[in-house]
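Protein sequences appear in the order of chains C and E.
Heads up, the first sequence is in the working numbering, so the first residue is 11 and it goes up one at a time.
Heads up, the second sequence is in the working numbering, so the first residue is 1361 and it goes up one at a time.
Simulated from the structure, these hints should not be mistaken for lab results.
No experiment lies behind these values; they were computed from the predicted model shown.
Glycine included, each C-beta is placed from N, C-alpha and C at the ideal position.
You may find that some hints are simply not true.
Claimed, not checked - Computed from the model, here is a short list of chain C residues facing chain E with C-beta under 8 Å: (1) PRO18; (2) TYR20; (3) HIS39; (4) GLY50; (5) GLY52; (6) ILE70; (7) GLU72; (8) GLY73; (9) ALA108; (10) PRO112.
Stated by the list, open to error - Listed next, the in silico DSBU-like pairs over lysine-lysine satisfying Cα-Cα at most 35 Å (straight line): (11) C:LYS19 to C:LYS67; (12) C:LYS67 to E:LYS1402; (13) E:LYS1402 to C:LYS81; (14) C:LYS67 to E:LYS1365; (15) C:LYS24 to E:LYS1402.
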Amino acid sequence: DGGITQSPKYLFRKEGQNVTLSCEQNLNHDAMYWYRQDPGQGLRLIYYSQIVNDFQKGDIAEGYSVSREKKESFPLTVTSAQKNPTAFYLCASSRNPASHQPQHFGDGTRLSIL
Amino acid sequence: QQQVKQSPQSLIVQKGGISIINCAYENTAFDYFPWYQQFPGKGPALLIAIRPDVSEKKEGRFTISFNKSAKQFSLHIMDSQPGDSATYFCAASRRGSTLGRLYFGRGTQLTVWP
């Protein structure tokens, strides 16, 4: 079955440490997205990418970085500059966002501070 | 600035009752309004969506009502069931947005009591 796989499901970060969240999709979608979810805050866009080797900042990109070296993969790095990283992180993809094709989400990674 | 405002934040309904969640927006360029359903520990999944050329869309027990002049849209869940207990997000996107950027409401946590 096609879908989006996020790993790990749970992740713990020490102070001053960078951590990388994995997102892989086998839906052959061009566009991919990273969201951060906090209780009562909805989904806030961190980064998005339409094609390989191209990505744009969303609303809360500070303290995060991404890469898009392959169509299937869009990893997110939470850097030590992100002072409040505890949240639920969601990756999504879409076939043709310009025609409002739906976004498909993975099951998220919950990041906590040790 | 919250592009899409959603209410209520939480909702408790008895089994068999009607659940109503409301959203409002300001940007008249928005032309696609999806609703997503999220169960605990999972990513959101598209539930139903509407475009502004119709005032209502129904899929089974779920109905979107859309009021273009008031810039409001709502989700109605008829004959609510305990299995409908989840968090619901409304969203909007605008034409000309090549990345299909979705602007999400803050979510409504629905609990349906048996």
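Hints versus structure:
For C:PRO18, the suggested interface contact is broken, since its CB lies about 13 Å from the closest CB of chain E, more than 8 Å. For C:TYR20, the interface hint is violated, since its Cβ never comes within 8 Å of a Cβ in chain E; the closest pair sits about 10 Å apart. Annotation: interface hint on C:HIS39 violated; nearest CB of chain E at approximately 11 Å, more than 8 Å. For C:GLY50, the suggested interface contact is upheld, since its CB lies about 6 Å from the closest CB of chain E, less than 8 Å.
Restraint check, C:GLY52 versus chain E: the minimum CB separation of about 4 Å is within 8 Å; hint holds. Given the 8 Å rule on beta carbons, the hint for C:ILE70 is violated: about 13 Å separates it from the nearest Cβ of chain E. Given hint, C:GLU72 at the interface with chain E, is violated; its Cβ is 18 Å from that chain's nearest Cβ, farther than 8 Å. The closest approach between the C-beta of C:GLY73 and any C-beta of chain E is roughly 20 Å, which is over the 8 Å cut-off, so the hint fails.
With a least beta-carbon distance of about 5 Å to chain E, the hint placing C:ALA108 at the interface is held under the 8 Å criterion. Hint on C:PRO112 holds. Least Cβ distance to chain E is approximately 4 Å, under the 8 Å limit. At roughly 24 Å between alpha-carbon atoms, C:LYS19 and C:LYS67 fall within 35 Å of each other, so this suggested pair holds. The suggested pairing of C:LYS67 with E:LYS1402 holds, with an alpha-carbon distance near 25 Å, which does not exceed 35 Å.
Restraint check: the Cα-Cα separation between E:LYS1402 and C:LYS81 comes to about 23 Å, which is no more than 35 Å; the hinted pair holds. Note on C:LYS67 and E:LYS1365: the hinted pairing holds, with a Cα-Cα distance of about 23 Å set against a maximum of 35 Å. Restraint check for C:LYS24 and E:LYS1402: the C-alpha separation of about 25 Å stays at or below 35 Å, so the hint holds.
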